[in-house]
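Chemist: If you're matching them up, the sequences are chains D and A in order. Our numbering puts the first residue of the first sequence at 218, with every later residue one more than the last. Our numbering puts the first residue of the second sequence at 218, with every later residue one more than the last.
Any given hint could be a false lead.
The list cannot tell twin chains apart, which means a pair is met if one copy fits it or any two copies do.
[Claimed, not checked] Dumping the calculated DSS-like pairs for lysine-lysine here, alpha-carbon to alpha-carbon at most 30 Å: (1) 448 with 468; (2) 362 with 415; (3) 336 with 323; (4) 448 with 352.
Bear in mind the hints are in silico, worked out from the structure with no lab data behind them.
2 protein chains.
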Amino acid sequence: MTITLIGAGNVGYHLGRRLHKKGWTIRQVFSRKLANAELLATKVGAHAIDDLMALDAQSDWYIISVSDDAIGQVAQQLSKIYGMQDKLVVHTSGAASTRLIAKYFKRAGVFYPLQTFSKNRKVKFRNIPICVYVKRQSDEKILLKIAKTISKTASAVTDADRAVLHVAAVFVNNFSNHLFHIGQTITEKEAVTFDLLKPLIQETVLKIEDQTPLAMQTGPARRNDTQTLKKHEAYLQKFPDFAQLYNLLTKSIQDAYRR
Amino acid sequence: MTITLIGAGNVGYHLGRRLHKKGWTIRQVFSRKLANAELLATKVGAHAIDDLMALDAQSDWYIISVSDDAIGQVAQQLSKIYGMQDKLVVHTSGAASTRLIAKYFKRAGVFYPLQTFSKNRKVKFRNIPICVYVKRQSDEKILLKIAKTISKTASAVTDADRAVLHVAAVFVNNFSNHLFHIGQTITEKEAVTFDLLKPLIQETVLKIEDQTPLAMQTGPARRNDTQTLKKHEAYLQKFPDFAQLYNLLTKSIQDAYRR
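Using the sequences and the accompanying hints, generate a full structural model.
Modeler: Okay, structure coming up:
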């Protein structure tokens, strides 16, 4: 099973390195920016390429890790390369449909590592759930087998369920991270150190290891502590955008306990 | 330094046990519900009381851990007990002013452990920042000294700064936790396991240990990936409240990168 990686962004970079580390052979790495292709290719012992048409059809598996908007176009271009018809071609996106690839390839699929990646940060790949989906049933075994060499959690997940996971991932990751940013903005505006809040942030996550977030909720919205809610509203007049979020999130918490 | 604990809720329970464990003597524990007072009193070797007027003035330090709305009233009642005039009296609230106590006591203060507590969950108290504030300067040394026996981070924090920390704490803790609840609601509605999202949630927090949340942001809002944003909006028609939050948080992220 040899691999061609198309895209050397955050996901391609970490996934490529992990596959390489677990003994899989990566032959070619494509990026529109040659420097990016080279950065990754050097680390995984592959050949760097910045022209899609220079890719060859010698690999068994093609992984497309480009922005969602570009997947369809890349798949189309890939399909024009001689000898590609029977290749297994997947993308790594949480939100994009398998159809973008299935339009051009019989053996289309998805290989989605459910995690947030930044190039300058190592992640424990073993803990990252890999969501696999394929058009041709016999390919499922192949992708799950590979997924299990790089992660302890590999699951077959339909397009519809992956879309649900991706929306939920935006809430739990992107939006939470933005709330941390708001916390930092508020404290640093008043010259209070954000570090004082970090143990609280850690505990927020540890709490839901074995309890539901609903059961673990605390704070003025949960307690209907109107005095404190009013104080916070008054304070947040300094930050009108944050005030709007504060009100909507407070209302949403209160609704959750009315159900 | 002997202690009387007034209130045996989440904060009083954990703080009382920690002080006891570090060798401080707790003499009396008050709760309106005798069972709660007894639960804690047994664990810290104190006497349980359910009538405020049955408290005595034999302790050096009085810790009021009741709901914000009740602090003023409790302080007033406490001040009627003979011999209480010169006692050090603090509350443990993030949001309440010191004035609620200072109205009745010269030696008023705050002893605020910046953490989220649930009775059935152990926390590493050593990691919890304790924010101390006192009306009489000489008491600051006393409270900081005690705080340092139970935590590695003890700081003098003014009422104004504590209020700021408390608003920020609501964003990073209560609101993030609610986003986790939304993630669970969405996934479980579709019979997808929420557990698949837990490694992502962990990584969200680990990422900000040494980087700012602003630098660590990823996702469709950050990338201005309009195709995915539209898909998510369409999907969230099933959850109108969540859709409203999704739009406002997306806008807020985009604003953060325009600044």
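Chemist: None of the hints should be skipped; say for each whether it holds.
Modeler: Here is what the structure says about each hint:
1. For the homomeric pair residue 448 and residue 468, the shortest alpha-carbon distances inside one copy (16 Å) and between copies (25 Å) are both at most 30 Å.
2. In this homomeric assembly, residue 362 and residue 415 come within 30 Å of each other (Cα to Cα) only across copies, at 22 Å, whereas the closest approach inside a single copy is 38 Å.
3. Taking the shortest alpha-carbon separations for residue 336 and residue 323, neither the intra-copy value of 32 Å nor the inter-copy value of 56 Å comes in at or below 30 Å.
4. Taking the shortest alpha-carbon separations for residue 448 and residue 352, only the inter-copy value of 22 Å comes in at or below 30 Å, while the best intra-copy value is 55 Å.
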